[in-house]
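Put together the whole structure using the sequences plus the hints.
Residue numbers (my numbering), protein chains in the order written: chain A, 1 to 315; chain B, 1 to 321.
There may be inaccurate statements among the hints.
Taking CB as the label site, the calculated pair distances span [what the hints assert, rightly or not]: (1) Trp45/B / Lys132/A: 28 to 36 angstroms; (2) Pro76/B / Asn276/A: 30 to 38 angstroms; (3) Arg228/B / Ala306/A: 39 to 47 angstroms.
A short list of chain B residues far from chain A (calculated; beta carbon distances all over 12 angstroms) [what the hints assert, rightly or not]: (4) Phe60; (5) Tyr63; (6) Pro65; (7) Pro75; (8) Gly219; (9) Pro294.
Taking lysine-lysine pairs in the DSBU-like style, the calculated list, with each CA pair at most 30 angstroms apart, reads [unchecked claim]: (10) Lys35/B / Lys132/A; (11) Lys35/B / Lys176/B; (12) Lys163/B / Lys60/A; (13) Lys220/A / Lys132/A.
No lab work stands behind these hints, which were simulated from the structure alone.
We put the beta carbon where it would ideally sit given N, CA and C, even for glycine.
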Amino acid sequence: MYFLKRIAFAIPLLLAISMIAFVLVRLPKGGPFDRERAPTSPEITRNIEARYHTDEPIWKQYLRYIGAWWERDEKGQWHHAPAGFNASLRYRNHAVLDVIETGLPVSLTIGLLAFCFSMAIGLPMGFIAASKRGRWQDRLLNLLALLSVCVPGLVIGPLLALVFGIKLRLLPVALWESPLHAVLPVVALGIFYSGRVARLMREGMLGVMQNEFITAARAKGLSETQLLFRHGLRLAILPVVSYSGPMLADLLTGSFIVESVFQLPGLGVFLVNSLNNSDYPMTVGLVLLYAIVLLGLNLIVDFLHAWLDPRIKYG
Amino acid sequence: MDDPTPNLGEQIETRELAVGESVLDLRQQAWQRFKRNRLAIAAAWFLVVLAAFVLIYPLFSAYKPEALSDAQFQPPSAGHLLGTDAHGRDLLVRLCYGAQISFLVGIVGATVSLVIGVMWGAIAGYAGGRLDGAMMRFVDVLYSLPTIIFAMVLMSAVEPSLKTWLGHLHFENPGKFARLLLLFVGLGAVSWLTMARIVRGQVLSLRSRQFVDASRALGASPLRILARHIIPNVLGVVIVYLALTIPAIILYESFLSYLGLGIQPPMASWGSLIAEGAGQINPIRIYWWLIIFPGGLMVMTLLALNFVGDGLRDAWDVKGN
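Below, the structure is given as structure tokens:
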């Protein structure tokens, strides 16, 4: 029931986001055609404006954009105006959906692989640090975690490309052709978040181990390893689970950087270009896409949270 | 934060009459704890020295940050300590210049986020009930959205009109100034969420304390209570999160500048310097100094900022989220 409500809430939210984005993008004076062979004759300008409806008031343009606009032709017949969300203004042969179709798999793959990478590194790091609390392993791992939080993708990306790609010639530095091409981008993107996951995991673990049910289990005679794995882990991972929502958001936008460093055909380039060209159907379309993907992923995260922690009741 | 550390709460409650004194006391205690953290002190000194160097060195250097020369791609030498870039500009001077911008954006942006976050959190926490629920729900929604993309859209939307407006006000270089202003506001506007949550939690626990009740019974207005009693008492926590927000904003700024949406050439920031270095990666010649030096300086600064932030947090004994 709760999750149905969440999904129902997402629809007005997405409409609001699309409206805000649309108004923001259309706010500045001037359109996407200003830089093309200016100055044009007034007829051409008028023609272009009529063709792309840039002369209409902005609310009309928005309704037309989402496909909720009907207009009358000369004979007095009502016609549904075709929705404008798919037509890029800069790339004449690319519809917005085409760009998404080619770019989204790349961006999503990098983002999700980086997510798995940072979990695979971060969770064991935090776990070991917590189980060796106060000893040298703990301090070393803490230092490593802090270090990795200070190494963003735009620093480590070019470095990895330089060392592994150019100097050692071990891995390809650009393009998106084989699984090997994904290694450097995923590491560059994921390493930053592995440190944060490790810190959260360690804190969660230490917090859980102070609970009374742990003491009770220890009194029952369970070994420390059994305690950590069977009772501690499930609850200790909760802070990491709730962080993974914002983390996914950061990963998907963070992939702009590695896409630019490693010349990958993802969505980031298109978003940046559309912003520079005021290609508003592209901008709004991509913003909406990111919102949809993240709302979906967050729903999964919440679902996981509820499944892991039986104390949580959504209602 | 639902349960404040008993230590902090006790202090505030037992010394309710001497407000100024009790706050000072708390601060002194925290300061004592902070001074015992050698790593944090060392990091703080590193930052001070770095800031001084970055401000002073360009004044005495023979090279100007934007002066082009024919000495392109010089490796580090006695003449150019850190080498030169693709346009023959001295890298050390440009690094200092970029550091000034990055620090400036980090500090001002964090202050903007502080103002928004404190107001949002204080109002939500103090009002309580429905308004609180709605305001915090809004924060939750924003948390799960790619807010940096909104900052990008916002900045590119507002820039043209801001530029013409600043031009009317007879600014010398409206384009440069508009971009900086947008970075301050845009990055501040996406970084206030954690601050709002923390402040709300603090305010929620403060507002049921006796000295607030007393003030209300004496007829003080909600605004006065917020300004006189609540906000001064959350100040310590706020300073801790300010210190932790600065590196986050520096990261965002470098992110935007790397993509070409932040600082525009010929100005520089760490992000744009690293982008320039990364643009020169090619299989024939390796210009390692163009990446190692900006990247290394950035990592070291972020580390130092995080050490200081963590030290402050431990000293004030506050927990995140």
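Results for each hint:
1. Trp45/B / Lys132/A: 28 to 36 angstroms: holds, 31 angstroms
2. Pro76/B / Asn276/A: 30 to 38 angstroms: Taking Cβ atoms as reference, Pro76/B and Asn276/A lie about 35 angstroms apart, which means the hint holds.
3. Arg228/B / Ala306/A: 39 to 47 angstroms: Once the Cβ atoms are compared, 42 angstroms apart, the range 39 to 47 angstroms for Ala306/A and Arg228/B holds.
4. Phe60: Consistent with the label, Phe60/B stays out of reach of chain A, its closest Cβ about 28 angstroms off (over 12 angstroms).
5. Tyr63: holds, 24 angstroms
6. Pro65: Non-interface label stands for Pro65/B: nearest chain A Cβ at 21 angstroms, farther than 12 angstroms.
7. Pro75: The claim stands: Pro75/B keeps its Cβ more than 12 angstroms from every Cβ of chain A (closest is about 15 angstroms).
8. Gly219: For Gly219/B, whose nearest Cβ neighbour in chain A is about 40 angstroms away, the distance exceeds 12 angstroms, so it holds.
9. Pro294: violated, 8 angstroms
10. Lys35/B / Lys132/A: It holds: about 27 angstroms lies between the C-alpha atoms, which stays within 30 angstroms.
11. Lys35/B / Lys176/B: violated, 40 angstroms
12. Lys163/B / Lys60/A: holds, 28 angstroms
13. Lys220/A / Lys132/A: With a Cα-Cα distance of about 22 angstroms, the restraint between Lys220/A and Lys132/A holds, given a limit of 30 angstroms.
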